[in-house]
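J.: Given chain A, work out where chain B should sit, using these hints.
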Amino acid sequence: MEPFTTLTAGAVPMDLPNIDTDRVIPARFLRKPKEAGLGKYFFHDVRFNPDGSENGDFILNQAPYRDAQILVTAENFGCGSSREAAVWALMGSGFRCVIGPSFGDIFFENCFKNGVLAVVLPAEVVAGLRRQLHDRPGAAISLDLASQTLTAPDGATRRFEVDPFRKQALLKGQDEIALTTEYEEAIRTHEARRAAEMPWLT
Amino acid sequence: MPTMFEKIWSRHVVAEGPGGQTLLYIDRHPLHEGATAALARLKQSGRAVRRPAGLLATADHYVPTGPGSEALAEPEIRGMVDGVIRSTREAGVPFFGPGDPRTGIVHVIGPEQGYTQPGIVLVCGDSHTATHGAFGAIAFGIGSTEVEHVLATQCLWQRKPKVMRITVTGKRQPGIAAKDVILAIIARIGAGGGVGHAVEYAGPVMADMSMEERMTVCNMSIEAGARAGMVAPDDTTYRYLEGRPYAPKGAHWDKALAYWKTLPSDADAVFDKEVTLDGAGIAPTVTWGTSPQDALPITESVPDPAREADPARRQAMGRALDYMGLRPGTPLSAISIDRVFIGSCTNSRIEDLRAAAAVAKGRRAVIKAWVVPGSGLVKQAAEAEGLHEVFTAAGFDWRDPGCSMCVGMNGDTAREGERVASTSNRNFEGRQGKGARTHLMSPAMAAAAAITGRLTDVRGL
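Residue numbers (the numbering used here), protein chains in the order written: chain A, 980 to 1181; chain B, 284 to 744.
Here chain A stands alone, though its shape is the one from the complex (with noise of 0.2 angstroms):
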């Protein structure tokens, strides 16, 4: 997994709430290996018309957004399916984070498994993001995962939260199955403590 350590990128704003991991890649793209590259599916048929055209009244083909690597989302955003393909799609597209006042649970978990920050700050304050980057399109945020701090586009500067355990595990690109390994000694005596109590399960 790729660290994440800081970024400063052009941000997106999204501001329905409810953005589901159907609408992020439609079921019938999740066939497609993913190291074909899934970039292409990210947000398929709300990006492009039927005849493949792209659909000029969607944010992420608007000129000033299509560089962005920040997604300021609305309220639970990648809720439903737990599609992993929907964090896969979003890498692909060049996105590195995500910014809203919730997640779906699976979406924001699969966000930190692949080296993508997910950062969940108040509505307020995500809805404030949302207002700069549509009157400034193309306007950044800065993101320093070390001091858990961001700032956006007027220059604000505020600390947000972040799992320690998932903070270091991003800043370090860390294999999570190595980390477990370590713990070896701890899963046998569970398994053998589990046999003696719940023989039943096998």
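Please keep in mind that the hints were generated in silico from the structure rather than gathered at the bench. Hints may be right or wrong, so weigh each one.
Claimed, not checked - Facing chain B, according to a computed beta carbon distance under 8 angstroms, are these residues of chain A, among others:
{"#": "1", "residue": "Asp1001"}
{"#": "2", "residue": "Arg1002"}
{"#": "3", "residue": "Asp1024"}
{"#": "4", "residue": "Pro1101"}
{"#": "5", "residue": "Thr1159"}
Values in this document were obtained by computation on a predicted structure and should not be read as measured data. All C-beta atoms in this analysis are idealised placements derived from N, C-alpha and C, irrespective of residue type, glycine included.
T.: Showing chain B alone in chain A's frame:
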């Protein structure tokens, strides 16, 4: 003092790790086609599956469910099914594949086999894994990287979620299905109402439900944002489990039962959040929009975004109505339907098929209507009762088990603009096919829509 969630959680703690995360032991891990990629990555990194015999695999998301299925002709779809057959065989994982009567939707066969049990932690690479919580288990959906982690270590790093109790009081009116109950709950707390929480469903309405009904309720927890949903085990649970292939036998049964009886939340347990719903006030419910929270009693009309005070909500409603091709003020029962889907991990069990057949019996579908049983064994049981004859006589299509039209990835899809009365769990844009319009409802309500060709209050049919 502890909640049921807390009791099960604490028993599965392997270690407290850095930063307040817990290494949690995973008892059960059913697999489907989605696991192929995780198995491949595991192999590539030179790691082995830690406990292959404890897994249970099936093919459900991509399997063909009948003649004319695109899944038969499309190489990429066939490749997904072939992939799980090959990768599970290679890893030594028990596999109930196509043709095996025990095959079916992962959240139907786990309970059916007794693989799902009270007091366990069960994960699966699918968001509807909360279904298994109906047995009094911690069960939640995970992503592909987490699937790989569990395959390798039989553990998962987790931060303990908050616990919410949703109590459904009183008694359901006649003809009110479990689907109506969960749709009413989601409408009440919202699509994000359960984010960060595990939900315990409680109260007399839940206690009164069969296991199939409890599974329907827990199944849709994720549609309210909750990864896990659960119901305390009781005699209904034990009766359902006893004698099933993976259920404990003999002395093990007695020992297991003693453990299971300790699981219900203590009377003085404290929850992070409490919600109460009047069970007697729940009506047959259908969705009108593109989020499961967009649900209303069938007696109501399509809501008007102009009357919505919150601008974000107003925008979302307007977009949903545009996608759904609906006008504010239209009575829901006046909305005409193009086709019907009865199936999915939410509503494809024997009781669901009985409820639909009771409506179809002696009547005739006026639109295309599919019945897709949740497993080969559900199909067999339904046929032993003659339900397939009821359906086919009424003009319904009786198909083979699989996820079918719920997921829109196996070729079983609706056409652009087609309006579907569906017993599945998601009415998202494009969920049942690009441009397809989904209305969620119970099996009886879906069958009623097939008979009249419009959304219909089954109580008046």
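J.: Now look at each hint and say whether the structure bears it out.
T.: Tested hints:
The beta carbon of Asp1001/A is positioned within 8 angstroms of a beta carbon in chain B (closest approach about 4 angstroms), and the interface hint is therefore held. The interface hint given for Arg1002/A holds, since its Cβ lies 6 angstroms from the closest Cβ of chain B, which is under the 8 angstroms cut-off. The criterion of a C-beta within 8 angstroms of any C-beta in chain B is met by Asp1024/A, whose closest approach is roughly 5 angstroms, and the hint holds. Because the beta carbon of Pro1101/A sits about 14 angstroms from the nearest beta carbon in chain B, more than 8 angstroms, this interface hint is broken.
Here the hint on Thr1159/A is kept, as its CB sits about 5 angstroms from the closest CB of chain B, short of 8 angstroms.
Going through the hint list in order, the structure does not satisfy hint 4, though it satisfies all others.
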